[in-house]
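*Asks:* Sequence:
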Amino acid sequence: MVREVLARRLRGRASRGLRDLRGSGADSAAVYAYDNAIVHGLLQTWDYARALLRAVRRDDTPAMIDKLVELRMARQQLLTRAAPLTLWAILDEAVLHRRVGGRQVMCAQLEHLATVGTAPNVTIQVLPYSRGAHPGMAGPFSVIELGSGDPNILYVDSPTGNIYVERPAQVRHHEDVFNHLRAEALPADESAELITATRARELPDRDSPADRGTPGP
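Numbered by our numbering, the letters in the sequence shown go through residues 30 to 246 in order.
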């Protein structure tokens with residue numbers, strides 16, 4: 030019971046903070062994210078997001094999936110508002126090679142990464158395979174900086190729901206991990222070159238059944 034109450038309180042504070050981000054909040058509001066399997070939600074294309082959600086939310090109806098995609102696309106307006114959110118995203122190289130939605134969808138997603146990565150408030154780094162083992166292998170996470178004087182929040186996505194953590198020690202630990210990954214990842218310009226090269230690499234003319242993902246309605 031105590032854990033449930035604390036969880037509700039934290040979700041409420043996090044939700045208020047995220048609403049602040051959607052408003053005209055301070056320019057310093059930022060998200061520092063590491064992803065090891067999928068493109069970060071703020072960087073996904075519609076088709077990529079839809080294919081991904083259909084794969085992981087198998088019990089949802091197409092209408093429910095489309096609604097979730099709409100919400101995800103709406104959140105991306107944080108990056109283009111008058112006082113845009115700062116996004117620093119580190120992607121494991123595996124993210125570039127996992128064909129979510131098939132060849133065409135993935136190619137469009139990589140093109141989108143190359144384009145959005147040129148925005149002054151967006152930094153995209155790729156952590157290459159050659160770096161070997163690293164602390165990010167424990168799983169993806171985001172550190173949310175509200176820019177309102179509130180302490181930073183750690184956000185972790187899990188199969189059973191979103192987890193928000195505000196314990197200072199855990200937040201600082203993940204901030205340290207992010208800084209380590211940032212130092213190990215390719216610089217933004219080299220990351221952009223790798224993304225473009227991956228997109229341009231010769232691919233099969235036809236998708237395999239596995240590449241095509243979940244059939245459409």
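Everything labelled a hint here was simulated from the structure, so no lab data went into it.
Quick caveat: nothing in here was measured; it's all calculated off a predicted structure.
For glycine and all other residues, C-beta sits at the position ideal for the given N, C-alpha and C.
Hints may be right or wrong, so weigh each one.
[Unchecked claim] Here are the computed distance ranges between Cβ atoms for each label pair:
1. 229 - 92: 33 to 43 Å
2. 112 - 84: 13 to 23 Å
3. 217 - 109: 17 to 27 Å
4. 159 - 85: 39 to 49 Å
*Asks:* Against the earlier hints, flag every one the structure doesn't satisfy and list their numbers going up.
*Replies:* 2, 4
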